[in-house]
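Knowing the structure of chain A, use the given hints to seat chains B, C and D on it.
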Amino acid sequence: MKKDLLHIKREGLATADDLRGRLPDESTKKEGPYAVIECFEEIPCNPCVVSCRFDAILPFEDINDLPYVDFSKCTGCAVCARVCPGLAIFIVDESMQGEMGTIMLPYEYLPLPEKGEQVMARSRDGSELFPATVVRVLKGGKGKTALVSLEVPKESLQEVRAFSVIEDESPAFHSSETYDPDYESPVVCRCEGVDLNEIRDLIARGYKSVDEIKHRSRAGMGPCQGRSCRQIILNELARDAGVSLDEFEGGSFRPPASPISMDILAKGGEEDAENS
Amino acid sequence: MQKTADVAIIGGGISGLSIAFNLAQAGVKNIVVLEKNFLGNGATGRCGAGIRMQWGTELNCLLSKYSCEFFEQAQELFHNNIDIEFEQGGYLIGAGTDEEVEQFKRNVKLQNDLGIESVFLSPEEAGEIMPHLDITKIKAATFCHRDGHLNPFRTTEAYSEAARSLGVSIYEYTEVQDILLDGDKLKGVRTDKGDISAPLVVNAAGGYSKLIADMAGVDLPVYSQRHQIMVTEPVEAMQDPMFMGFSLNIYIQQVPHGSFIMGRSDDSEPTDLRLTSSWQFLEKMSETCTTLMPRLGQLKVVRQWAGLYNMTADAQPIYDEAPELPGFYHAAGFSGHGFMLAPVTGHVMSRKIMGEKADIDVSCLNVSRFKDGGLLPTESSVV
Amino acid sequence: MISIPLLIVGAGPAGLCAAYRAAEVGVDVLILDRAQKPGGQLVKQTHKFFGSEKQFASTRGIEIADILFKRLEDLPGRVELLTDATVIGFYEDGVVTAEVQGKFMKYRPEACIVATGASEKTLAFTGNDLPGVYGAGAVQTLMNEYGVRPGNRVLMIGAGNIGLIVSYQLLQAGVQVAAILDAADEIGGYLVHASKIRRAGVPILTRHTVGLAYGDEKVEHAIIHALDDEWNKIPGSEQQLDVDVICVAVGLSPLADLLWQAAVDMKYIGALGGYVPLRNSDMMTSVAGLYIAGDVAGIEEASSAMVEGEIAGISAAGRLGFSSEESHLLKKDCLQQLRQLRAGPGSEKIRTGMALAGAYV
Amino acid sequence: MNSNRILEHPILEFSEGSDIPFSFDGKELVGKSGDTIASALHAAGVRVLGHHFKTGHARGFYCAIGNCSSCLMIVNGVPNVRVCVEPLKAGMVVNSQNDRGVLP
Numbered sequence: 000m001k002k003d004l005l006h007i008k009r010e011g012l013a014t015a016d017d018l019r020g021r022l023p024d025e026s027t028k029k030e031g032p033y034a035v036i037e038c039f040e041e042i043p044c045n046p047c048v049v050s051c052r053f054d055a056i057l058p059f060e061d062i063n064d065l066p067y068v069d070f071s072k073c074t075g076c077a078v079c080a081r082v083c084p085g086l087a088i089f090i091v092d093e094s095m096q097g098e099m100g101t102i103m104l105p106y107e108y109l110p111l112p113e114k115g116e117q118v119m120a121r122s123r124d125g126s127e128l129f130p131a132t133v134v135r136v137l138k139g140g141k142g143k144t145a146l147v148s149l150e151v152p153k154e155s156l157q158e159v160r161a162f163s164v165i166e167d168e169s170p171a172f173h174s175s176e177t178y179d180p181d182y183e184s185p186v187v188c189r190c191e192g193v194d195l196n197e198i199r200d201l202i203a204r205g206y207k208s209v210d211e212i213k214h215r216s217r218a219g220m221g222p223c224q225g226r227s228c229r230q231i232i233l234n235e236l237a238r239d240a241g242v243s244l245d246e247f248e249g250g251s252f253r254p255p256a257s258p259i260s261m262d263i264l265a266k267g268g269e270e271d272a273e274n275s
Numbered sequence: 000m001q002k003t004a005d006v007a008i009i010g011g012g013i014s015g016l017s018i019a020f021n022l023a024q025a026g027v028k029n030i031v032v033l034e035k036n037f038l039g040n041g042a043t044g045r046c047g048a049g050i051r052m053q054w055g056t057e058l059n060c061l062l063s064k065y066s067c068e069f070f071e072q073a074q075e076l077f078h079n080n081i082d083i084e085f086e087q088g089g090y091l092i093g094a095g096t097d098e099e100v101e102q103f104k105r106n107v108k109l110q111n112d113l114g115i116e117s118v119f120l121s122p123e124e125a126g127e128i129m130p131h132l133d134i135t136k137i138k139a140a141t142f143c144h145r146d147g148h149l150n151p152f153r154t155t156e157a158y159s160e161a162a163r164s165l166g167v168s169i170y171e172y173t174e175v176q177d178i179l180l181d182g183d184k185l186k187g188v189r190t191d192k193g194d195i196s197a198p199l200v201v202n203a204a205g206g207y208s209k210l211i212a213d214m215a216g217v218d219l220p221v222y223s224q225r226h227q228i229m230v231t232e233p234v235e236a237m238q239d240p241m242f243m244g245f246s247l248n249i250y251i252q253q254v255p256h257g258s259f260i261m262g263r264s265d266d267s268e269p270t271d272l273r274l275t276s277s278w279q280f281l282e283k284m285s286e287t288c289t290t291l292m293p294r295l296g297q298l299k300v301v302r303q304w305a306g307l308y309n310m311t312a313d314a315q316p317i318y319d320e321a322p323e324l325p326g327f328y329h330a331a332g333f334s335g336h337g338f339m340l341a342p343v344t345g346h347v348m349s350r351k352i353m354g355e356k357a358d359i360d361v362s363c364l365n366v367s368r369f370k371d372g373g374l375l376p377t378e379s380s381v382v
Numbered sequence: 000m001i002s003i004p005l006l007i008v009g010a011g012p013a014g015l016c017a018a019y020r021a022a023e024v025g026v027d028v029l030i031l032d033r034a035q036k037p038g039g040q041l042v043k044q045t046h047k048f049f050g051s052e053k054q055f056a057s058t059r060g061i062e063i064a065d066i067l068f069k070r071l072e073d074l075p076g077r078v079e080l081l082t083d084a085t086v087i088g089f090y091e092d093g094v095v096t097a098e099v100q101g102k103f104m105k106y107r108p109e110a111c112i113v114a115t116g117a118s119e120k121t122l123a124f125t126g127n128d129l130p131g132v133y134g135a136g137a138v139q140t141l142m143n144e145y146g147v148r149p150g151n152r153v154l155m156i157g158a159g160n161i162g163l164i165v166s167y168q169l170l171q172a173g174v175q176v177a178a179i180l181d182a183a184d185e186i187g188g189y190l191v192h193a194s195k196i197r198r199a200g201v202p203i204l205t206r207h208t209v210g211l212a213y214g215d216e217k218v219e220h221a222i223i224h225a226l227d228d229e230w231n232k233i234p235g236s237e238q239q240l241d242v243d244v245i246c247v248a249v250g251l252s253p254l255a256d257l258l259w260q261a262a263v264d265m266k267y268i269g270a271l272g273g274y275v276p277l278r279n280s281d282m283m284t285s286v287a288g289l290y291i292a293g294d295v296a297g298i299e300e301a302s303s304a305m306v307e308g309e310i311a312g313i314s315a316a317g318r319l320g321f322s323s324e325e326s327h328l329l330k331k332d333c334l335q336q337l338r339q340l341r342a343g344p345g346s347e348k349i350r351t352g353m354a355l356a357g358a359y360v
Numbered sequence: 000m001n002s003n004r005i006l007e008h009p010i011l012e013f014s015e016g017s018d019i020p021f022s023f024d025g026k027e028l029v030g031k032s033g034d035t036i037a038s039a040l041h042a043a044g045v046r047v048l049g050h051h052f053k054t055g056h057a058r059g060f061y062c063a064i065g066n067c068s069s070c071l072m073i074v075n076g077v078p079n080v081r082v083c084v085e086p087l088k089a090g091m092v093v094n095s096q097n098d099r100g101v102l103p
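Residue numbers (numbering that gives the first Met the number 0), protein chains in the order written: chain A, 0 to 275; chain B, 0 to 382; chain C, 0 to 360; chain D, 0 to 103.
Chain A extracted, bound-state conformation:
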């Protein structure tokens, strides 16, 4: 991990600093629309570079390379913005006269706004910036990713990265209600209703393996075959012993992997008898 990625990895947010080297120079900005690619993490993904008809995204040596735009070639055609699986490409146009420019944003929500509609422009963290007018809507078509252009003051073009259709105030999630829980122990085995205290108690009494705990507590004996509880029990055992998980036996797995009725099993034998 590159050191300068750490803040993004913590917040999920890019800052103006991260955009350095990703924007055209001032004179190129005036020539026409261009793509801003906010893709900062090397992951195996290349549709943008493959889709560009103008070779305006620098060729990849490796599928994990980061995309960089050759602004001398980029026409702002938005093909890459349509195909980017991460919805991380935005088309900025500040070539027009006057105070206002446009930003084209990928959009996969409903309702899709209409041209002329007022929407709320939002920043990278979703906070409200200002109302803005929709100037163009490209429907999603086959790929289903719509592209929506907003008219935005030029100085805010690198701030606006989302919008929402203006609606009633969404309710607050926080409540001030206080609660005095009777702190029941978390459930570990959903099938047999075995809780964490029971498991910890057995471990404290010297039970050392998944199978021992299964026999004594029934955790893992239910119809799901321990799919939900085994991992938690292993974690508890490892934590208690102060060793890593790979030092433990996974415990037994026995057929059938999924419950099956005796009527069905019994008929299996009859059919063989008929066939032979």
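Calculated directly from the structure, the hints in this document are not laboratory data. All residues carry an ideal CB built from backbone N, CA and C; glycine is no exception. Honestly, I wouldn't trust all of these hints.
Derived Cβ-Cβ restraints for the label pairs, each shown as a range [as the list claims (entries may be wrong)]:
#, chain 1, residue 1, chain 2, residue 2, range
1, A, Thr14, D, Lys88, 35 to 45 angstroms
2, C, Pro75, A, Arg238, 29 to 39 angstroms
3, A, Gly20, C, Pro344, 13 to 23 angstroms
Dumping the calculated DSS-like pairs for lysine-lysine here, alpha-carbon to alpha-carbon at most 25 angstroms [claimed, not checked]:
#, chain 1, residue 1, chain 2, residue 2
4, B, Lys136, B, Lys104
5, C, Lys331, C, Lys53
6, B, Lys28, B, Lys184
7, B, Lys35, C, Lys102
8, B, Lys283, A, Lys266
9, B, Lys283, B, Lys35
10, C, Lys102, D, Lys26
11, A, Lys266, C, Lys105
12, B, Lys104, A, Lys266
13, B, Lys356, B, Lys64
14, C, Lys105, B, Lys283
15, A, Lys207, C, Lys266
16, C, Lys36, D, Lys26
17, B, Lys2, B, Lys186
Structure of chains B, C and D alone, referenced to chain A:
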């Protein structure tokens, strides 16, 4: 790990633990139990854990009666409060053939004479005890209300806790690798955690008892056969007794948790110590069960597994000191009944080791009977 | 008892790709899947995939499922796909048992590919069994397969790719997401997914976890708190959120029950999600003729699952005596694709894990 | 009643399925073709599918793909049916399961 012991017991199943408990209770000090895995991981934790007094030979009736009476008072005898879940819902044994009907009549007579309160029932009477049984499939039945079944894991724990509190040292995950001899004299045992010198060694290794005997260079005429078992999802209580049939080839019980556990025997099962399962068992067991108890057909099987029956030629145990190696004792060859015999196993073996007389004379269960042509009358009441 | 050349367990991305490559060279294939329709988890993936063209990049998972399924028609080998067909047993005599549409079936395959995917890990917190606490897969299933909203306001636990993607899907379905929590220091999932969520105004709280869910027989509130460097609750950091769904996306474990039954050599490799079978570069386990592909071989993206499926399919076909001139080249290309998919800095753990599992990296 | 149904979705199209009537604890409900019992109940606002036989806790589904057995209900009299993977059929009688179940 300790270096010496007065008695080293090989096998942390219910037999070994019961022997340890009985010895300690009788005042023997410095007892160790050696278990290569965890307690009860062998046949003990894999068995149906039923206990019945309805047998066809006098000795088996007496042995099992001792055990049943022990389990009835287990809580007081163990001095701990572990609930072993001894559910005395009785054993209902169904006769599938005319020969069995006659045999069962003789069995009930024998049992009654020995003070075992079993009764001979018509199919209709059996149906009253177990309404989901298709009574057209049986010719008669016997029933003893004091028979029942236990939770094998809790019973193991109750025994081990009782033994520990009497000073027994139990070593789990400790595998016996050799029996140490000094010339032709017993010296002790070698484990993967070190040697223990002990003048007395007890082979209670269940399915693996022949391997242990081989280490000591003594003959133990037993072999182990895989025996399969399966369990269903739980439902509310609907069957009190363990149902069993010999010619019908089934035992099936509903445990307090609500699951049905059932097994059958099959002569074609392998005898090479493998603990795998087979799909054939699932089919045949389900067929047997749904034929006898059609209502259970909708129950779903959640798991199957296998354990080892440690078999002898007459399907009865060996309680003896090895003639070739004084101090080396066998408690083996339980032929599928080791769990229910555990209390009496502990009693008779501890007396034998201490050179005292036991409440029941088991001298006929010696290891020499297989050579001398002294096989016991075959017990017909087995699955 | 039915004898068949190749049995594939699971009709997800790995299984379908394996079937394609095997049938392409003439192998008759039987695929069994426990679900009502094929596609595995692809049928709920509404987002566009990463990767390259070979792994259908920029195509949505739901569409990939269709493509993979449809291309199985008209191949030289016959592909039979049975749904509502749950494989339940692998036995030492080589017999595989299944419950197929209400019947107990026994198969004796010459080769078998296990592509059973993964199951979701669970989290121990008080109230974790209240109705309303759902696995992320369940939320996806409900929403994207059945068109039913899981609730109105969701607290997401886990900021890995699944947590981020499902949060986005919730927003698309008109469900509010109160917050995404992760006990780790960093967002585990791809940044582009995280940024998408942040733009929608959803906070991502790293170093946070859920302590308690409560409500009258269903989730009504959650109490969350921050964690210190020792993973202990920071006193006073509690916040109460009013949510009706707590979605648990704390990772996946390989669904390897059948492989345990088949007694293949397994190893606990945390980086791959838990116990995984050891394998060679052909995706064959320690049991000859038994292959693996996809999440059951180690938790990764669907793109890698598809390529692993292809390798397993080519290899199993080869073992059965079916191969073409291209098979060798194709396998080489697949191995190269896998290497590329795992080459990024974010895949370091995967590379380490795969090396331990014996895979080609 | 079907307020939890997604009628419009930016990516997916949910075909207007036909109505499937069924009953839950004596109440008449309507699901859609393609539903499982669990999805139909959830769409109808039912979260609690029963109570655990040991803890008494309310139970809902958890995994929705037949892995976890958290969603056992009584369907047409048969207990322990995993409703998250059981296709809904017209006329089904679905009941909460609050114990281990009683065989019909």
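Structure-based check of all given hints:
no. : hint                                   : result
1   : A:Thr14 x D:Lys88: 35 to 45 angstroms  : violated (55 angstroms)
2   : C:Pro75 x A:Arg238: 29 to 39 angstroms : violated (54 angstroms)
3   : A:Gly20 x C:Pro344: 13 to 23 angstroms : holds (19 angstroms)
4   : B:Lys136 x B:Lys104                    : holds (18 angstroms)
5   : C:Lys331 x C:Lys53                     : holds (14 angstroms)
6   : B:Lys28 x B:Lys184                     : holds (22 angstroms)
7   : B:Lys35 x C:Lys102                     : violated (41 angstroms)
8   : B:Lys283 x A:Lys266                    : holds (10 angstroms)
9   : B:Lys283 x B:Lys35                     : violated (33 angstroms)
10  : C:Lys102 x D:Lys26                     : violated (33 angstroms)
11  : A:Lys266 x C:Lys105                    : holds (12 angstroms)
12  : B:Lys104 x A:Lys266                    : violated (35 angstroms)
13  : B:Lys356 x B:Lys64                     : holds (18 angstroms)
14  : C:Lys105 x B:Lys283                    : holds (14 angstroms)
15  : A:Lys207 x C:Lys266                    : holds (19 angstroms)
16  : C:Lys36 x D:Lys26                      : violated (30 angstroms)
17  : B:Lys2 x B:Lys186                      : holds (12 angstroms)
In the structure shown, a violation is registered for the earlier hints numbered 1, 2, 7, 9, 10, 12, 16, in ascending order.
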